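Q: Position chain L against the provided structure of chain U, taking the given hints into account.
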Amino acid sequence: MTSCSEDPAIFKENRTVFQIGDHPSWAKKVYNDSNWESRIKLIPEGQVFWSRTKIDILTAPEEFRPYGLQIDAYGEYEIFWDGVLIGKNGNPGQEAELPLEGELWLTFSIPTHLTTEGKHVMALRLSNYYFPDHVGRYELEIAEYKDLLTDLLIETSYMHVFAGAFFIASIYFLFLFLSNKKAYSTLIFSICCLFVFVLVLTVFNREYLSMHYSLHVVRLQVIHTFLLGISFLIPFYFSIQFPYPRQKLLLILYVGILLIIFLVNHHAYDFTVVSLVLSMWISSFGIVIYGAYNKVRGARLVLVTLLFPIVILLATSFVTSLYAGLGLILLGMLYLLSLRIKDQRLAYEDSLLQSTRLRLELLKKNIQPHFLMNTLTSLIDWVEEAPKKGVLFIEALAKEFDLFNQIEDQTLIPIAQEIALCRTHLEIMEYRKEINYSLEEEGIDLEQKIPPAILHTLLENGITHSLPLEDNSIKFKLIFESNSDFKCYSFLTFASTSLRQATSNREDGTGLKYIKARLTESYHSNWEFTSDSTSHGWQNTIKIYS
Amino acid sequence: MKILIVEDESRIAKRIERMTRDIFGDTLQSLKHIDNLHEALNFIKNSSLDLVLLDLNLNGDNGFDMLTTAVSESFHTIVISANKDQAITAFEYGVIDFVPKPFNRDRLEQAFNRAVTKEKTGDNKIKLLAVKKRGRIQLIPIEDLLYIKGAGPYTELFLADGTKELHDKSLEKLEQLLSYSFERIHKSYLVRMSEIKDITVESGSKYMAELKNGGLIPIGRTKYKDIKAKWL
Numbered sequence: 001m002t003s004c005s006e007d008p009a010i011f012k013e014n015r016t017v018f019q020i021g022d023h024p025s026w027a028k029k030v031y032n033d034s035n036w037e038s039r040i041k042l043i044p045e046g047q048v049f050w051s052r053t054k055i056d057i058l059t060a061p062e063e064f065r066p067y068g069l070q071i072d073a074y075g076e077y078e079i080f081w082d083g084v085l086i087g088k089n090g091n092p093g094q095e096a097e098l099p100l101e102g103e104l105w106l107t108f109s110i111p112t113h114l115t116t117e118g119k120h121v122m123a124l125r126l127s128n129y130y131f132p133d134h135v136g137r138y139e140l141e142i143a144e145y146k147d148l149l150t151d152l153l154i155e156t157s158y159m160h161v162f163a164g165a166f167f168i169a170s171i172y173f174l175f176l177f178l179s180n181k182k183a184y185s186t187l188i189f190s191i192c193c194l195f196v197f198v199l200v201l202t203v204f205n206r207e208y209l210s211m212h213y214s215l216h217v218v219r220l221q222v223i224h225t226f227l228l229g230i231s232f233l234i235p236f237y238f239s240i241q242f243p244y245p246r247q248k249l250l251l252i253l254y255v256g257i258l259l260i261i262f263l264v265n266h267h268a269y270d271f272t273v274v275s276l277v278l279s280m281w282i283s284s285f286g287i288v289i290y291g292a293y294n295k296v297r298g299a300r301l302v303l304v305t306l307l308f309p310i311v312i313l314l315a316t317s318f319v320t321s322l323y324a325g326l327g328l329i330l331l332g333m334l335y336l337l338s339l340r341i342k343d344q345r346l347a348y349e350d351s352l353l354q355s356t357r358l359r360l361e362l363l364k365k366n367i368q369p370h371f372l373m374n375t376l377t378s379l380i381d382w383v384e385e386a387p388k389k390g391v392l393f394i395e396a397l398a399k400e401f402d403l404f405n406q407i408e409d410q411t412l413i414p415i416a417q418e419i420a421l422c423r424t425h426l427e428i429m430e431y432r433k434e435i436n437y438s439l440e441e442e443g444i445d446l447e448q449k450i451p452p453a454i455l456h457t458l459l460e461n462g463i464t465h466s467l468p469l470e471d472n473s474i475k476f477k478l479i480f481e482s483n484s485d486f487k488c489y490s491f492l493t494f495a496s497t498s499l500r501q502a503t504s505n506r507e508d509g510t511g512l513k514y515i516k517a518r519l520t521e522s523y524h525s526n527w528e529f530t531s532d533s534t535s536h537g538w539q540n541t542i543k544i545y546s
Numbered sequence: 547m548k549i550l551i552v553e554d555e556s557r558i559a560k561r562i563e564r565m566t567r568d569i570f571g572d573t574l575q576s577l578k579h580i581d582n583l584h585e586a587l588n589f590i591k592n593s594s595l596d597l598v599l600l601d602l603n604l605n606g607d608n609g610f611d612m613l614t615t616a617v618s619e620s621f622h623t624i625v626i627s628a629n630k631d632q633a634i635t636a637f638e639y640g641v642i643d644f645v646p647k648p649f650n651r652d653r654l655e656q657a658f659n660r661a662v663t664k665e666k667t668g669d670n671k672i673k674l675l676a677v678k679k680r681g682r683i684q685l686i687p688i689e690d691l692l693y694i695k696g697a698g699p700y701t702e703l704f705l706a707d708g709t710k711e712l713h714d715k716s717l718e719k720l721e722q723l724l725s726y727s728f729e730r731i732h733k734s735y736l737v738r739m740s741e742i743k744d745i746t747v748e749s750g751s752k753y754m755a756e757l758k759n760g761g762l763i764p765i766g767r768t769k770y771k772d773i774k775a776k777w778l
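These protein sequence lines map, in sequence, to chains U and L. Everything in the first sequence is counted per my numbering, starting at 1 for the first residue and increasing by one. Everything in the second sequence is counted per my numbering, starting at 547 for the first residue and increasing by one.
Keep in mind that the hints were calculated from the coordinates and are not lab data. This one's a predicted model, so the numbers in the text were calculated from it and none came from an experiment. No residue lacks a Cβ here, since even glycine has one placed at the ideal position from N, Cα and C. Some hints could be false.
No farther apart than 20 angstroms at their CA atoms in a straight line, the calculated lysine to aspartate or glutamate pairs in the EDC-like style are these [what the hints assert, rightly or not]:
no., chain 1, residue 1, chain 2, residue 2
1, L, LYS578, U, GLU434
2, L, LYS733, L, GLU718
3, U, LYS365, L, ASP631
4, L, LYS560, U, GLU384
5, L, LYS560, U, GLU430
6, U, LYS364, L, ASP631
7, L, LYS671, L, ASP652
Covered stretches of chain L (chain U as the covering partner; in silico rule of three or more C-beta atoms under 8 angstroms from a C-beta of chain U) [said to hold, decoys possible]:
no., stretch
8, 642-656
9, 692-698
If you anchor each label on the Cβ, the simulated ranges turn out as follows [said to hold, decoys possible]:
no., chain 1, residue 1, chain 2, residue 2, range
10, U, GLN354, L, GLY708, 52 to 62 angstroms
11, U, THR411, L, LEU712, 14 to 24 angstroms
12, L, ASP631, U, LEU331, 48 to 58 angstroms
13, U, SER546, L, ASN592, 27 to 37 angstroms
14, L, ASN608, U, TYR545, 30 to 40 angstroms
15, L, GLU689, U, SER338, 20 to 30 angstroms
16, U, THR411, L, GLU638, 38 to 48 angstroms
17, L, GLU638, U, GLU385, 45 to 55 angstroms
With the rest of the complex left out, here is chain U (with noise of 0.2 angstroms):
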């Protein structure tokens, strides 16, 4: 799969023949094997075979410093090295009867004397029981045995400290994702995290794990199962960060073309490998360039770490880029994640900040100036004027601030409370304004709750904007219908309507505003608010869906 010797020039592999049969002389350096076959489609049952293998061996080894062998072949085998044998994995031609013994991955030691600049024969006396039909496709490295050996380790260490930085990550992400279940692109990101680590772990592990040959199908297997789901993860991920119309059905397909890739042409591991690879990059790439056109942003930074993978494929190899781009594109998506978990600490902040805000303008509501001073100075008034009923007004006033103390802090209050507060305002006001008010309740459920002092508010604009009728009166009506669906308050104001048009001019925006934040505040945007002049004064609804 790698090449690993820093010095090409050591050797070169001439043609492999092979032959069904067993005879000692065919490990010797000089046999006539002209008549051998150079492919052997089958040899069943596990029958003993030879190959040969001619290699010119261009530069002597150094003294002390033998070369090495490093052979990946399918079967059991003796390896003899101009004739003498040099190594041993398994029981050639007894698989059926012994025990599974040998690995599919070793290295040998060839002796100093026998690696002269030169021609060379490599013979293996071999038997592959559990994979006839796969006779003699084998990877050979010839270098220096220390650096065969180092250069394994070095390649396995890199990789797994690669690996492992993604399981951290997969962890720590899993962790989020649990403090906040709703986060779903957090748990992608965590699972695209564990299975990068479970590849990785899979694929550069020749180092230490001694697999038997036969096993090798089941190594390949996990390989594709894991690269699949991260095939589909990726641009899942990509798809909930950039949408785009049609997603499920795009995705649909998506899934449909993995499979394909996975269950049709099983057994050609690198075709497979490459197309899932290959419609990740696709489908990621399509789907970050709409995104980058829509100006989502990181868009425009995604793109470069899915081009940036082409760019070492052009450079070096296949393998290499496919993890140094999945540690790109992994590294895209954190960033995307960074982006999206600073928009909710900003939204969270914000919505502090808001919920402080309202919670100030509750307070507000009794000592701005138009209401104290107003109301202060018809106190004086009653006080001066008739004393008894200035107490009167008085204890009024203190019911009012007793309520708003008590619902200060909250974002939701019983309905009962909320209907006092009205109350206890139209008490005060009847004393300010001399008009006859009253409040009617029809169908109030004392069960709800709602944000607190927003009737108060619509209470208040009533008051303020309307003149009394004829029987200097006005009247004001709270009714409460629910349903499945929603619930909804209509707050009705009865009053002159013969100066509205004069009076068009309103400023009442704050209050209503107060009221859209409230609701905001506790049902998100499951509210609906509207605010009509009708024949016989106002009409606001509420209407809060479930």
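A: Frame of chain U, contents of chain L only:
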């Protein structure tokens, strides 16, 4: 005295009414209370008044529209309001006094005295003069104003750009409002002191003030010494 009270709080209106009757006694010719802007504007248009007491927050309407109309009329306006932070703006528009709520009889009487006697407004600076022009009201910045000439019950405003506007207020009333920078140098003239370039004596002991724009305005014989001292 003909007085209009514009106030939407019934109890407060009654209080103002009671105190006003008490303060003016027999000199009060008429006293009217209106609780909304629309009616008040109509009433001002169709009746002659000496004083208007105005609340700036009427049924949630912006009282400054009402204020602009009121100050363009011949009478003085006293604002009675709960919002103290509107006081500076009210003075800039040219009200004679601003009475913050809650108020007592003494404070109200003080405001009446300001309006009725020729007491000056003191430190509160008017910045705009509202002038009725073709059915609309135009606000003229005071810094554009050079001098004012009395013309019977009205006044003529002479502006820096050479134009002339008519104002419904008498020279006496404007003198009250503009006292911080304008002087009555003649029974018919109110002049911005900083605009006087020179004071000359012509034959027959006629004293004249020469303005920076070249105009000449007579100085009253009795006022000459005072004016000269102030100008120097």
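Q: Now tell me if each hint is right for this structure.
A: How the hints compare with the structure:
Simply put, L/LYS578 and U/GLU434 have alpha-carbon atoms about 18 angstroms apart, close enough for the 20 angstroms limit, and the pair holds. A threshold of 20 angstroms between alpha carbons decides the hint, and for L/LYS733 with L/GLU718 the separation of about 9 angstroms falls inside it, so the pair holds. About 17 angstroms separates the Cα atoms of U/LYS365 and L/ASP631, which keeps this hinted pair within 20 angstroms; it holds. Distance hint between L/LYS560 and U/GLU384 is fulfilled; the C-alpha atoms sit about 13 angstroms from each other, no more than 20 angstroms.
A hinted pair counts as satisfied when its Cα atoms are at most 20 angstroms apart, and L/LYS560 with U/GLU430 qualifies at roughly 14 angstroms. A distance of roughly 16 angstroms separates the Cα atoms of U/LYS364 and L/ASP631; the hinted pair therefore holds under the 20 angstroms criterion. Proximity of L/LYS671 to L/ASP652 is assessed by CA-CA distance (about 23 angstroms); at most 20 angstroms being required, the pair is judged violated. Counting residues of the stretch 642-656 of chain L whose C-beta sits closer than 8 angstroms to any C-beta of chain U gives 5, which meets the bar of three, so the coverage hint holds.
Restraint check on the stretch 692-698 of chain L versus chain U: 0 residues with Cβ-Cβ distances below 8 angstroms, three needed, restraint violated. A hinted range of 52 to 62 angstroms holds for the C-beta pair U/GLN354 and L/GLY708, which are about 55 angstroms apart. About 59 angstroms separates the C-beta atoms of U/THR411 and L/LEU712, a value inconsistent with the hinted range of 14 to 24 angstroms. Roughly 55 angstroms separates the CB atoms of L/ASP631 and U/LEU331, a value that falls within the hinted 48 to 58 angstroms.
Roughly 57 angstroms separates the CB atoms of U/SER546 and L/ASN592, a value that falls outside the hinted 27 to 37 angstroms. Look at L/ASN608 against U/TYR545: about 36 angstroms separates their beta carbons, and that is inside 30 to 40 angstroms. As the Cβ distance of L/GLU689 to U/SER338 is approximately 57 angstroms, the hint placing it in 20 to 30 angstroms is violated. Between U/THR411 and L/GLU638 the beta carbons are some 42 angstroms apart, a value that agrees with the proposed interval 38 to 48 angstroms.
Range check, L/GLU638 to U/GLU385: Cβ separation about 35 angstroms, and the 45 to 55 angstroms hint is violated.
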